[in-house]
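The numbering of the sequence shown is this note's numbering, which starts it at 203 and goes up by one.
To be clear, the hints were calculated from the coordinates, so they are not data collected in a lab. The C-beta atom is built at its ideal place from N, Cα and C for all residues, glycine as well. Misleading hints may appear alongside valid ones.
[Claimed, not checked] Capping the alpha-carbon separation at 25 angstroms, the derived lysine-lysine pairs in BS3-like fashion look like this: (1) Lys-372 to Lys-360; (2) Lys-323 to Lys-259; (3) Lys-226 to Lys-402; (4) Lys-367 to Lys-323; (5) Lys-372 to Lys-323; (6) Lys-259 to Lys-287; (7) Lys-327 to Lys-226; (8) Lys-341 to Lys-363; (9) Lys-360 to Lys-402; (10) Lys-372 to Lys-361; (11) Lys-367 to Lys-402; (12) Lys-259 to Lys-327; (13) Lys-226 to Lys-287; (14) Lys-402 to Lys-363; (15) Lys-372 to Lys-402; (16) Lys-226 to Lys-341; (17) Lys-327 to Lys-372; (18) Lys-402 to Lys-355; (19) Lys-355 to Lys-341; (20) Lys-402 to Lys-361; (21) Lys-355 to Lys-367; (22) Lys-402 to Lys-232; (23) Lys-367 to Lys-341.
[As the list claims (entries may be wrong)] Okay, the calculated beta carbon distance ranges per label pair: (24) Ser-279 to Asn-233: 41 to 47 angstroms; (25) Glu-395 to Asn-425: 45 to 51 angstroms; (26) Leu-312 to Leu-223: 20 to 26 angstroms; (27) Lys-323 to Tyr-357: 26 to 32 angstroms; (28) Ser-236 to Glu-344: 35 to 41 angstroms; (29) Arg-231 to Glu-314: 36 to 42 angstroms; (30) Ser-279 to Pro-376: 29 to 35 angstroms; (31) Arg-329 to Gln-350: 32 to 38 angstroms; (32) Ile-318 to Ser-412: 27 to 33 angstroms; (33) Asn-276 to Asp-319: 17 to 23 angstroms; (34) Ile-274 to Ser-351: 38 to 44 angstroms; (35) Ser-236 to Lys-259: 32 to 38 angstroms.
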Amino acid sequence: MQTKQWIYQDMDVWAHFDETLLCKHFKLRKNAGSYFPFTFTDIRGMEQEEGNGVHPKDISKILLGHVQNGYICNAESPISEGNPKYNENPSLNDRIHCLVAVIPANSISLMEQTVIDQLRKVRHKARDLGIPQVIIMTKVDEVCPLVQSNLEKVYTSKKIKKKMKECSIKLGVPVNCIFPVKNYYDEGPGNTEMDILILKALLNIVNFASDYVQDQTDNEFMNE
Numbered sequence: 203m204q205t206k207q208w209i210y211q212d213m214d215v216w217a218h219f220d221e222t223l224l225c226k227h228f229k230l231r232k233n234a235g236s237y238f239p240f241t242f243t244d245i246r247g248m249e250q251e252e253g254n255g256v257h258p259k260d261i262s263k264i265l266l267g268h269v270q271n272g273y274i275c276n277a278e279s280p281i282s283e284g285n286p287k288y289n290e291n292p293s294l295n296d297r298i299h300c301l302v303a304v305i306p307a308n309s310i311s312l313m314e315q316t317v318i319d320q321l322r323k324v325r326h327k328a329r330d331l332g333i334p335q336v337i338i339m340t341k342v343d344e345v346c347p348l349v350q351s352n353l354e355k356v357y358t359s360k361k362i363k364k365k366m367k368e369c370s371i372k373l374g375v376p377v378n379c380i381f382p383v384k385n386y387y388d389e390g391p392g393n394t395e396m397d398i399l400i401l402k403a404l405l406n407i408v409n410f411a412s413d414y415v416q417d418q419t420d421n422e423f424m425n426e
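Given only the sequences and the hints, what does the whole structure look like? Please build it.
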């Protein structure tokens, strides 16, 4: 079974600049001694100020599988081929199979044009590589009182639909690839309404990644 990978970018515009630039891989444990066949690659997102955040060329290298787990990104210069964490010959399993940006619903209107332009460049790179792109829109309860009181209203809320359309227009990602979720704060574990939204987003990401892997595998077979 192919291992699915997707890159995760936290685009919270209120993120502190002193956060690590570590490129970190995560796996979900299935049971003792085994994991689900997919990997998260977590990196810090773009920043408004020059010299902060991840270098756009590093993101391109990560998409192509050239950056190994544990690499610390340099905001001013991308990874070099001589770096110990540089993977010269990445396999399909090393490459990213779905690009995921995490954007708070209450921050979409506050995003600077420089950040939007950087995100679009990364998205275009992923598009050119055939990599699907998804946005997880968090904190939906903070922009709509109706959803705050009843999370089941998330897909009928006019305010949430407006935010999804605004996000789609700014970043160029189709509305059907934007998934609204509510963050866990002081809720106890096992909140069904919250979990349904999160699992729906996760299921779609896995399906997009699986389709990409299948397409790449078919192309490699046809070219043999």
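Structure-based check of all given hints:
no., hint, result
1, Lys-372 to Lys-360, "holds (18 angstroms)"
2, Lys-323 to Lys-259, "holds (10 angstroms)"
3, Lys-226 to Lys-402, "holds (24 angstroms)"
4, Lys-367 to Lys-323, "holds (20 angstroms)"
5, Lys-372 to Lys-323, "holds (12 angstroms)"
6, Lys-259 to Lys-287, "holds (15 angstroms)"
7, Lys-327 to Lys-226, "holds (21 angstroms)"
8, Lys-341 to Lys-363, "holds (14 angstroms)"
9, Lys-360 to Lys-402, "holds (20 angstroms)"
10, Lys-372 to Lys-361, "holds (16 angstroms)"
11, Lys-367 to Lys-402, "holds (19 angstroms)"
12, Lys-259 to Lys-327, "holds (10 angstroms)"
13, Lys-226 to Lys-287, "holds (12 angstroms)"
14, Lys-402 to Lys-363, "holds (17 angstroms)"
15, Lys-372 to Lys-402, "holds (23 angstroms)"
16, Lys-226 to Lys-341, "holds (24 angstroms)"
17, Lys-327 to Lys-372, "holds (17 angstroms)"
18, Lys-402 to Lys-355, "holds (15 angstroms)"
19, Lys-355 to Lys-341, "holds (14 angstroms)"
20, Lys-402 to Lys-361, "holds (20 angstroms)"
21, Lys-355 to Lys-367, "holds (17 angstroms)"
22, Lys-402 to Lys-232, "holds (18 angstroms)"
23, Lys-367 to Lys-341, "holds (16 angstroms)"
24, Ser-279 to Asn-233: 41 to 47 angstroms, "holds (42 angstroms)"
25, Glu-395 to Asn-425: 45 to 51 angstroms, "holds (46 angstroms)"
26, Leu-312 to Leu-223: 20 to 26 angstroms, "holds (23 angstroms)"
27, Lys-323 to Tyr-357: 26 to 32 angstroms, "holds (31 angstroms)"
28, Ser-236 to Glu-344: 35 to 41 angstroms, "holds (37 angstroms)"
29, Arg-231 to Glu-314: 36 to 42 angstroms, "holds (38 angstroms)"
30, Ser-279 to Pro-376: 29 to 35 angstroms, "holds (34 angstroms)"
31, Arg-329 to Gln-350: 32 to 38 angstroms, "holds (35 angstroms)"
32, Ile-318 to Ser-412: 27 to 33 angstroms, "holds (29 angstroms)"
33, Asn-276 to Asp-319: 17 to 23 angstroms, "holds (21 angstroms)"
34, Ile-274 to Ser-351: 38 to 44 angstroms, "holds (43 angstroms)"
35, Ser-236 to Lys-259: 32 to 38 angstroms, "holds (36 angstroms)"
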